[in-house]
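Asks: Sequence:
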Amino acid sequence: MVIPRSATRFFAWTALAATLCTAGISRAEAPPAAAPVATEAAPAAATDPGAAPVDPAAAPAPDAAAAALVVDEAMTKLQTTADKAAADSTEAILSINVMWMLLAGFLVFFMQAGFALVEAGFTRAKSVAHTMMMNMMVFCIGAIGYYLTGFAFMFGGVNHTYEAVNGLDAWAFSPITLGDWTGLLDHELVIGGHGIIGLSGFCLAGLSANFGVLAFFLFQMVFMDTAATIPTGSMAERLNFKGFIAMSLWVSMIIYPIVAGWIWGGGWLANLGRSMGLGNGAVDFAGSGPVHMIGGATALAGAIVIGPRIGKFNADGTANAIPGHNIPMGILGTIILFFGWFGFNPGSSLGFTGPFHNLAVLAAVNTLLAGAAGGMSAMTYMWVFGPSKKPDPGMSVNGLLAGLVAITAPCAFVDTWAAVVIGIIAGVLVCFASFGLEKMQIDDPVGAVPVHMVNGCFGVLAVGIFANGNPDTAAWNGVATPVTGLIYGGVGQFLAQVTEAGTVAIVVTGASYVFYKMVDAMGWLRSAPEDELAGLDMPEMGAPGYTTDDVVMHGSGSGSRFRGAISPIKKLASK
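Going by our numbering, the sequence shown runs without a break in its numbering and finishes at 1076.
These aren't lab readings, by the way, just hints derived from the structure by calculation. In this text the structure is predicted, and so the values were computed from the model without any measurement. Glycine included, every Cβ here is placed at the ideal spot set by N, Cα and C. Possibly wrong hints are sitting among the right ones.
Below, computed lysine-lysine pairings styled on DSSO-like, alpha-carbon distance capped at 30 Å [as the list claims (entries may be wrong)]:
no., residue 1, residue 2
1, LYS627, LYS578
2, LYS891, LYS1018
3, LYS627, LYS891
4, LYS585, LYS813
5, LYS940, LYS890
6, LYS743, LYS891
7, LYS891, LYS940
Have a look at the derived ranges for each label pair, beta carbon to beta carbon [to be verified]:
no., residue 1, residue 2, range
8, ALA1035, ALA822, 44 to 54 Å
9, PRO856, ILE823, 47 to 57 Å
10, SER709, VAL992, 41 to 51 Å
11, ASN859, PRO888, 16 to 26 Å
12, ALA820, LEU1034, 50 to 60 Å
13, ALA976, VAL885, 41 to 51 Å
14, ASP681, THR582, 18 to 28 Å
15, PHE936, MET1023, 26 to 36 Å
16, LEU649, GLU574, 49 to 59 Å
17, THR577, CYS641, 25 to 35 Å
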């Protein structure tokens, strides 16, 4: 905290006056024996009326040393008070920022319930326990994986200081809102001046004493979990649970932290502005690229390798509709996701003090507008141009989610009108992408690829198109100028965003394709055809997701199979 000079003068004179007054009061209350010390002429004047009056000019001069001492004491007290006020202010600002980020992280965690309901509602009832189990366990598995290696790979070098380059000062990418990180998370593998992967922070070693870092870990972990959840939707109803576990570890420990670290962890994509003069480098406020595109690209590779559900496509290549079993459940999950997105996007300001509250509030408003516009545009498109000429609930849901995904990267960089435009485009784009996947005979039961990969890519590009040069974004990624998109003259920023989108699409899709091929070769990727036809609840989970009769399961031990037997109570009642 820096105290203005005028305020310093005011406090100094106030403290000095208070000190002098205190000194005067102390002398006035002093015992009578101390009075003669004042002057020697005073007693003579009081006892001898004929004595000559005392000339004030001839009175002894004030003690300069004593006055200087008083001033020094006052200034010392002022400095102590100012230092304490500054420390208290810094602590209060840090606490507000951390609390804001924690609350936002809790909202993002609650989005897991939304994903579970959406995926379960828009798939068939015979695999609902399997679907819900994946959505619960992806968090548990992902949290441990991210703790072991993911956080270190992603942010282990975020506090590494890059040297001054191209007229720009030295720079570290660690957040300035979360306290002092000196000596922490500063080990990065750097090749040719480009950050590749973090090398510190494994298992949070050496970080437990810094509550700002710990809060940051929690916030980033729930973002990772969003990316890890997305592929479970594209492979729903035929993904072997062993393959699901392998996928969860792949995303949380390797592919997500490495690629997302290039954007958020001070990696080479974030440095494009400093190293190549491309705007502010790859900019993504809340994760259209690092979260949704990575999750969507992983989902696309998985859907390609695992193949479509039995009965989805005919011999002539035409697709059959496989309706979800519970539309109300899916819509409720969408509303929960919309609610959680108010933690996802505004919380990515990583603080709520100074200019960061401006970014957070703008992100919240733009999130609201883009999500609403996406839902409306998809509904309208299906109503007017869709096969059924009806406001399709499933596509309306995906349009809303597409608008939210697309605004995630640019939410704090664009005007409100741009947020509406982005949402409208996203709502139509998700419809086109869904029809396109079916023509390519790629089966995505819940539309994970059109929502997250396609519109995640659009969101990344939207920064490079619509960013308005908001002054609060100046110095982003160590570049002095604010983030400015194409329509405001920011050609370099657009090129940086194209580089981010292309890198994520190529690297994540390609690497994940190879990974899934390896898992498939082990026999872990796809469930057996007979299990898929019967539903995965009993073959893989050993328990039904729903029971509609009074039934028992023979052999209640581990691995028991449901045989549909009528319970003894039911038998008696039927006699």
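Asks: Compare the structure with each hint and give your call.
Replies: Now the hints, each set against the structure:
At most 30 Å may separate the alpha-carbon atoms for a hinted pair to count; LYS627 and LYS578 exceed this at roughly 74 Å. A hinted pair counts as satisfied when its Cα atoms are at most 30 Å apart, and LYS891 with LYS1018 does not qualify at roughly 39 Å. Between LYS627 and LYS891 the CA atoms are separated by roughly 27 Å; this keeps the pair inside 30 Å, and the hint holds. Between LYS585 and LYS813 the CA atoms are separated by roughly 69 Å; this puts the pair beyond 30 Å, and the hint is violated.
Annotation: proposed proximity of LYS940 to LYS890 holds, straight-line Cα distance about 20 Å (limit 30 Å). Note on LYS743 and LYS891: the hinted pairing is violated, with a Cα-Cα distance of about 40 Å set against a maximum of 30 Å. At roughly 21 Å between alpha-carbon atoms, LYS891 and LYS940 fall within 30 Å of each other, so this suggested pair holds. For the pair ALA1035 and ALA822, the beta carbons lie near 21 Å from each other, so the given range of 44 to 54 Å is not met.
Separated by about 49 Å at the C-beta atoms, PRO856 and ILE823 satisfy the suggested range of 47 to 57 Å. Restraint check, SER709 to VAL992: a C-beta distance of roughly 45 Å satisfies the suggested window 41 to 51 Å. A beta carbon spacing of about 45 Å between ASN859 and PRO888 contradicts the range 16 to 26 Å that was offered as a hint. At roughly 18 Å, the beta-carbon separation of ALA820 and LEU1034 lies outside the given 50 to 60 Å, and the hint is violated.
Here the CB-CB span from ALA976 to VAL885 is close to 46 Å, well matched to the stated 41 to 51 Å. At about 23 Å, the beta-carbon gap between ASP681 and THR582 stays in the expected band of 18 to 28 Å. Between PHE936 and MET1023 the Cβ separation comes to about 34 Å, which falls inside the hinted range of 26 to 36 Å. Between LEU649 and GLU574 the CB atoms are about 57 Å apart, so this pair conforms to the stated range of 49 to 59 Å.
THR577 and CYS641 have their C-beta atoms about 56 Å apart, which leaves the hinted 25 to 35 Å range violated.
The structure fails to meet hints 1, 2, 4, 6, 8, 11, 12 and 17 from the earlier list, while all remaining hints are met.
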